[in-house]
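Novice: Chains A and B, in that order, give the protein sequences.
When we follow the numbering used here, the leftmost residue of the first sequence carries the number 1, and every step to the right adds one.
When we follow the numbering used here, the leftmost residue of the second sequence carries the number 350, and every step to the right adds one.
Hints are not guaranteed to be accurate.
To be verified - The calculated DSSO-like cross-link candidates involving lysine-lysine, where the alpha carbons are at most 27 Å apart (straight line), are:
1) B:K431 to B:K363
2) A:K302 to B:K628
3) A:K295 to B:K569
4) A:K142 to A:K162
5) B:K363 to A:K287
6) A:K295 to B:K431
7) A:K10 to A:K39
To be verified - Quick look at which bits of chain B chain A covers, simulated, 3 or more residues with Cβ under 8 Å:
8) 471–482
9) 487–500
10) 645–656
11) 692–703
These are computed hints drawn from the structure, not numbers from a lab.
Bear in mind that the values here come from a model prediction, so they are computed numbers and not experimental data.
Note that beta-carbon positions come from the ideal geometry of N, C-alpha and C, so glycine has one too.
Residues per chain, in single letters:
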Amino acid sequence: MYTLKFDIEKCHNCQTQACLTRCQHLDIDREVAQREIRKIARGEDSFILHDCLTCYACEEYCTMGNHPFYLIVEQQEALNIPPVPRPLIQRAVNLGVPFRGEPEIGEVHGPVLNMAAFSDLIGLIQGRLFEGLTVISTDDRKMFHYFCQLMYLHYARSSVIKERLPGVINTINRHKPTDVICFHDECYGTYTSYCPAVGIDVPFTPIHFFEFLYRRLTELKEAIRPVGFKVAYQRPCSSRLSPDKHHFVRDIFELIGARYVEREYVDENALCCAGAIQGQRREGSRKRAIEMQRKNINDMKKAGAEVCIFNCPACFQTLGSLLSAEDIKPMYMSDLCRLAIGEKPMEWR
Amino acid sequence: MDSIYEALVNIVGKEYVSNQPEELYIYSFDLGTAEPCQPQYVVSPRATEHIQGIVRLANKEKIPIVPLGGGLSLAGLAVPLKGGILLDLKRMDSIIEVNENARYAVVECGVSQGQLTSYLEKNYPRLTHSEPGAPPAATLAGNVMIHGQGDLAQPYGFNSDLVNGLEVVLPTGEVCHIGSVAIGAGWFTNHPLPDVGLFLGWCGTTGIITKLSIRLFPCKRIRGVGTFVLEHEDLVPEAVYKLTHTQMAEDIVAFSSAIPPFASELQQITVNIAADSEKELEFKQEILWDDTLGEYIHRGEGAYLGFVRHLQRPQISKTSDYKKGGGFEYVGSIVPIQRYPECYRKGREISERHGIPYTVTGRCVGAGHSMMFAWTFAFNRADPETIIQARKALHETDDLVLQLGGVIWKPGTYGQKLILERLDPGTKELMGKIKRLIDPNGIMNPGNWEVA
């Protein structure tokens, strides 16, 4: 059984307790934070376990290299304090069950782009940026064989992740990849953060999608024409697991001449899309989600954003039509990059 | 030379008649499990006068006529069980009138649901109609002929309740009009003239609808679908009752299916909501999700899944794609909503007994007045054994509907037989008298509703 490597000594030595004091959704001081995180680590109940919105941000805020969010999720499951109602958990757990037969496995012996559970978004990886790249998980009937499972952190089901993830890694590894470019940064966070945290081996090298895009854009630099849009970026919850790659957002924008607007809710202070919050058990969750979305979109408007750039399809689905209604165009990063090199993404045709 | 063929050519022109085997083959079956039966002729009329001529010819020759709309009823209702002339009505596809103020559309019998939807979206964006869960090729006339329901069924009921008037070619060739149009007063109401309700629900056995007026409804600027999930089927009737009390939904559909797995063993309820402003939308969402269904969330029994803007039509027919082989047929029923839990449990048992992943769907009709509950059985068209299993499951489900105190909706011949066995003798005799009176030669879609 895989066990979370959480070192309470690190919390004892922590001078900030930033994991909880910086939480956007809690209003607590360092003393309370220290008390509560210790209680959680000891396996005791804490109001944090009940009030957590599962935004992942504490993983990034922690300055000690510990895993406060993974710990919270594990204890929510252990003490049966799920953030969402039972049928939502059951539905989500069922969602990841493959049901259309086994995937066809071709050995690659080179880099691959893993679409994971987003095979139906293959239109987003067309054109010169992706030329010559082998893509895996291209069949949306079989994509759950490649589903990284990390979504279950929102459902207090670490056990499901640990049970299924080795099989998913094995499926990917049967392609004999060297580097695995992760279309979704949740996959990247799974293989670079969650797996080491619980002791699951990853036999390939994960590459962040934005790092790949930046590299390819650099190779195609001659073709770049500044896009000139004023852009905001919707940071997904799972990017909190790979904060070291977040700079590629700004790097790409600079490279392609997108004007990154100045915002309040940006980078470490970003607001999540609230898609996972609206269905939570806590009183007022739906309204809380709407309020967060409103704050987020108003902030983009105030900053003058014309376009909102996405990495995560779930964020896109949650916020896309709301942004459109406010005359802010939702767009995936890959589409923006394609525009920059003179290509027309699907929706422009 | 075939004299009937020649006569049909004289009526509609050579291009629109066929007695060639390859074309007869196409019209010999529908998408369900019914055994194929070939017509002798396929005719595609363009006008009411053509249909009159064909009907008179059929009477003279004592040859059956089977009217066909989109061909999507699935239960074999437009399969020519006794051969004859298959009347493909798709060429009669004019949208004759849309009255924006009185909110109705007059259409020919071949106008499809998708055609009217796109026409309204383009030309009358403030109007919409109650589109069923069938693929967009389903016709409006075909739908009212089977008492179909659409995505406005919750506030407005069956689509056949939304008919303002009809033009019908009788089995003996005369044309008659029903509703206000019968006195030249336009197509705006079906009432208050004496009721001659002889055509809706008769599946083309009493005449051929050539034109109809159907009610339209306000189309709000924002339309979308919210989803709620319940952990147990016993909770569904109460939740639907509460939702209907708000009078804020356009459509309420409950479903559960083995495939895809996310829907397995849970009861998903989709609620279509419409609003002209964000303020109106949030007002409705607060009442529906927070005030009305919030108690299920607090007890951990139910969960709000979110609201997705824009309707994706059609919805129910997507279940046909959940299993390899692309075949599906369902038994529909009209049942009290309180029967939902038994419908789900017993339907699931039948599916599992025949090795078919279960799919059940219930659409609320009216303010909780009834529910169209459907059990869908998928099969592989290339595998005859799976077709046989599906057919057995369908027949068992027909029996189940009646055991549960429901009424089979658009029954095939097996279900019709079960209903006729139970039908009040007085009603059956009246139906027989009507049928003998208006179709003396028994030419209209024979094999269906044989009461004469």
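Novice: Please work out if K10 (chain A) and K39 (chain A) have their alpha carbons no farther apart than 27 Å.
Specialist: holds (14 Å)
Novice: Given the hint that K295 (chain A) pairs with K431 (chain B), test it: the Cα-Cα distance must not exceed 27 Å.
Specialist: Status violated; Cα separation ~67 Å.
Novice: Report holds or violated for chain A covering the stretch 692–703 of chain B, Cβ cut-off 8 Å, minimum 3 residues.
Specialist: Contact hint for the stretch 692–703 of chain B vs chain A: violated, 0 residues under 8 Å.
Novice: Hinted pair, alpha-carbon criterion (27 Å max): K295 (chain A), K569 (chain B). Please report holds or violated.
Specialist: The hint holds at about 26 Å.
Novice: Check the hint pairing K431 (chain B) with K363 (chain B) against an upper bound of 27 Å on the C-alpha distance.
Specialist: Holds. K431 (chain B) to K363 (chain B) sits at ~24 Å (cutoff 27 Å).
Novice: Between K363 (chain B) and K287 (chain A), does the CA-CA distance stay at or below 27 Å?
Specialist: With Cα atoms ~64 Å apart, K363 (chain B) and K287 (chain A) exceed 27 Å; violated.
Novice: Are there three or more residues in the stretch 645–656 of chain B whose C-beta lies closer than 8 Å to some C-beta of chain A?
Specialist: Since three or more residues must qualify, the claim that chain A covers the stretch 645–656 of chain B holds, with 10 doing so at under 8 Å.
Novice: Within the stretch 487–500 of chain B, is the number of residues with a Cβ closer than 8 Å to a Cβ of chain A three or more?
Specialist: Three-residue rule not met by the stretch 487–500 of chain B, so violated; n is 0.
Novice: Tell me whether the statement that chain A covers the stretch 471–482 of chain B is true, taking a Cβ distance below 8 Å and needing three residues at minimum.
Specialist: violated (count 0)
Novice: Take a quick look at whether K142 (chain A) and K162 (chain A) sit within 27 Å of each other, Cα to Cα.
Specialist: holds (20 Å)
Novice: Starting from K302 (chain A), check that the Cα of K628 (chain B) is at most 27 Å away, please.
Specialist: Status holds; Cα separation ~21 Å.
The structure fails hints 5, 6, 8, 9, 11 (numbered hints given earlier, in ascending order).
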